[in-house]
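Using the supplied hints, reconstruct the complex from the two chains, each of which is provided in its own coordinate frame.
Protein chains in written order, with my numbering: chain A, 1 to 207; chain B, 1001 to 1088.
These are calculated hints, taken from the structure and not from any lab test.
This structure is a prediction, so every number in the text was calculated from the model and none was measured.
Note that beta-carbon positions come from the ideal geometry of N, C-alpha and C, so glycine has one too.
Be aware that a few hints might be false.
Stated by the list, open to error - Quick list of in silico lysine-lysine cross-link-like pairs, PhoX-like style, CA-CA up to 25 angstroms:
#	chain 1	residue 1	chain 2	residue 2
1	A	188	A	176
2	A	73	A	60
3	A	176	A	60
4	A	64	B	1077
5	A	60	A	45
6	A	193	B	1006
7	B	1006	A	176
8	A	45	A	188
9	B	1077	A	195
10	B	1006	A	188
11	A	60	B	1077
12	A	176	A	73
Said to hold, decoys possible - To be clear about the criterion: a stretch of chain A counts as covered by chain B if any three or more of its residues have a C-beta under 8 angstroms from a C-beta of chain B, and this derived list gives those stretches:
#	region
13	113-121
14	140-150
15	183-189
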Amino acid sequence: MDVELSVRDEPRMIASILAGDREQYHELIRPYERSVYKMALSFMKNESDAEDVAQEAFLKAFRKLADFRGQAKFSTWLISITLNEARARLRRQAIVRMESLDESPEEGGHISPALLRDWREVPSEALERQEIRQMLQDAIANLSPLYREVLLLRDVEEFSIEETATALAITTGTVKVRLHRARMMMQKELAPKLKNAGPRRRWFQWS
Amino acid sequence: MVIECKHVWDYISGYLDDSLPAETRELVQRHLEHCQICSAILDSTRNIMVLTADDQVFELPLGFSERLHARLSEEMKNGLAVPSEDAG
Chain A
1 MDVELSVRDE
11 PRMIASILAG
21 DREQYHELIR
31 PYERSVYKMA
41 LSFMKNESDA
51 EDVAQEAFLK
61 AFRKLADFRG
71 QAKFSTWLIS
81 ITLNEARARL
91 RRQAIVRMES
101 LDESPEEGGH
111 ISPALLRDWR
121 EVPSEALERQ
131 EIRQMLQDAI
141 ANLSPLYREV
151 LLLRDVEEFS
161 IEETATALAI
171 TTGTVKVRLH
181 RARMMMQKEL
191 APKLKNAGPR
201 RRWFQWS
Chain B
1001 MVIECKHVWD
1011 YISGYLDDSL
1021 PAETRELVQR
1031 HLEHCQICSA
1041 ILDSTRNIMV
1051 LTADDQVFEL
1061 PLGFSERLHA
1071 RLSEEMKNGL
1081 AVPSEDAG
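Chain B extracted, bound-state conformation (with noise of 0.2 angstroms):
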């Protein structure tokens, strides 16, 4: 069995994930062997998912996690609830 492209665009989050049922994998990855077109889609797609991932994406602005630290302690001292005690 063969598989046109746009069918094959409906599995490349599912293979990129291996989560597609092995016979469709195995219909994708026959399709991509020979098609330039899907296998640029697919390789642009799992390279956008990496740089989404990195880090370097959404830094931490200067001075967030003393920021952060000081103001929880901040409130604690001014009596935010001990969880336990908050639960009456």
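Isolated chain A, as found in the complex (with noise of 0.2 angstroms):
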């Protein structure tokens, strides 16, 4: 996409939004529409509470358009609204069951990994099949909010260490600890899955 090419200006791109060119606004976010919509799906976990959210957090983000002093990256300050809309919405929904999204999982003591002899890459090509995707998001989707939240912020939205950080209101100490929890517990679910769901066209060449 040209928004990736060219080299953005994003702060003059705010301000001239706020000296009144709404328009810009719509440029501005383009490149954060998958960003915001992955948030939103992970928490919500259906298409169109996902979508309502994902409006929600731009349009809440163009109204608090002044409060964005720069302190963070753009893109950091709109995954943290969003995150705040989705919680938002969970609590008014009263589907978050059992998981409290304040409840502090004990975050001592080890997850042990799935054990694995040896582990044959599974190729991003795999990603074309519908239930392997299924089983990413089931997988990111079952995490308990706060490891969610940092796997999400870090491996998939790829933000570094000091920005999840921020994004969360949190320390990079605790972002480390529950990112470390997180991935040890997709590995745990995903491993052994991932494993005997492998690349069966191969099976022949390889028997």
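Here you go:
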């Protein structure tokens, strides 16, 4: 996309939106549509609620744009708004069930990974299969919120450790601890499944 | 100094982020060189991280962008406040 190729001067875009050029907002958010939606989907677990949350987040960001002071990157700030919007929506829907958002699962102790004797690389092409995509989405959705948030920001949105800490208002140390546990939970859940879901097409060549 | 597998597991995420202190990294590295199981855990974790980050995992629904921008335009037309006017 052009937005990624051309140099985007976001502070300037934001300044001109604040000065009244509202149309610029469309351009400002274009590169982040997917990030915001992914974030929303991981919380809402269904596409239509996720789309609502994403739209609300973009509207809210517009309304609050004057509060954005450039202390973080615009994308970091936008994702934080999305996160808060999704959390608020979940509370309203009271579908939080047993997992309270404020609950702090014990952060000590080991997560034992799934033990494997060897690992054969699962290539990105495997994601062409709906069942594999679903497997990953489910694994993320099933993490408890504290771990899911950190994993999403760091490994899905590819924020740095510092940006993740800023977005969640936690320390970098806490990010590292939660990230480690989240990644181990993902490995424990997914490694055995992915191993079994291996590239069937090549079976015959190997046997 | 030699470390056991279960200690290595505590460092996998830090190892992948390259955020371990040099000595720890060295210990983990040496363990990985001869431990097939820990290497497989590391490789699978890295592989899962790569897959997780792939854009294909979360596809935007068809028409998402169009609906978003249409809604924004609509709200702006209906007086969604220009942020600077909102300040008061």
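Check whether three or more residues of the region 183-189 of chain A sit with their beta carbon closer than 8 angstroms to a beta carbon of chain B.
holds (count 4)
Against chain B, does the region 113-121 of chain A show at least 3 residues with beta-carbon separation below 8 angstroms?
Per the Cβ count (8), the hint holds.
Examine the region 140-150 of chain A: at least three residues should have C-beta closer than 8 angstroms to a C-beta of chain B.
violated (count 1)
Hey, residue 1006 (chain B) versus residue 176 (chain A), does the alpha-carbon distance stay inside 25 angstroms?
Within the cut-off at roughly 18 angstroms; holds.
Holds or violated: are the alpha carbons of residue 1077 (chain B) and residue 195 (chain A) at most 25 angstroms from each other?
violated, 53 angstroms
Below or equal to 25 angstroms on CA atoms is what counts here, so check residue 176 (chain A) against residue 73 (chain A).
holds, 21 angstroms
For the pair supplied as a hint, residue 60 (chain A) and residue 1077 (chain B), confirm whether the alpha-carbon distance does not exceed 25 angstroms.
Measuring from Cα to Cα gives roughly 16 angstroms; hence the hint holds.
Please work out if residue 64 (chain A) and residue 1077 (chain B) have their alpha carbons no farther apart than 25 angstroms.
holds, 18 angstroms
Given the hinted pair residue 1006 (chain B) and residue 188 (chain A), is their Cα-Cα distance within 25 angstroms?
holds, 14 angstroms
Does the alpha-carbon distance linking residue 176 (chain A) and residue 60 (chain A) stay inside the 25 angstroms limit?
The hint is violated at about 30 angstroms.
Verify the proposed pairing of residue 60 (chain A) with residue 45 (chain A), using a straight-line Cα cut of 25 angstroms.
holds, 21 angstroms
With the threshold set at 25 angstroms, check whether the alpha-carbon distance from residue 193 (chain A) to residue 1006 (chain B) stays at or below it.
holds, 22 angstroms
This entry does not satisfy hints 3, 9, 14, going by the numbered hints stated previously.
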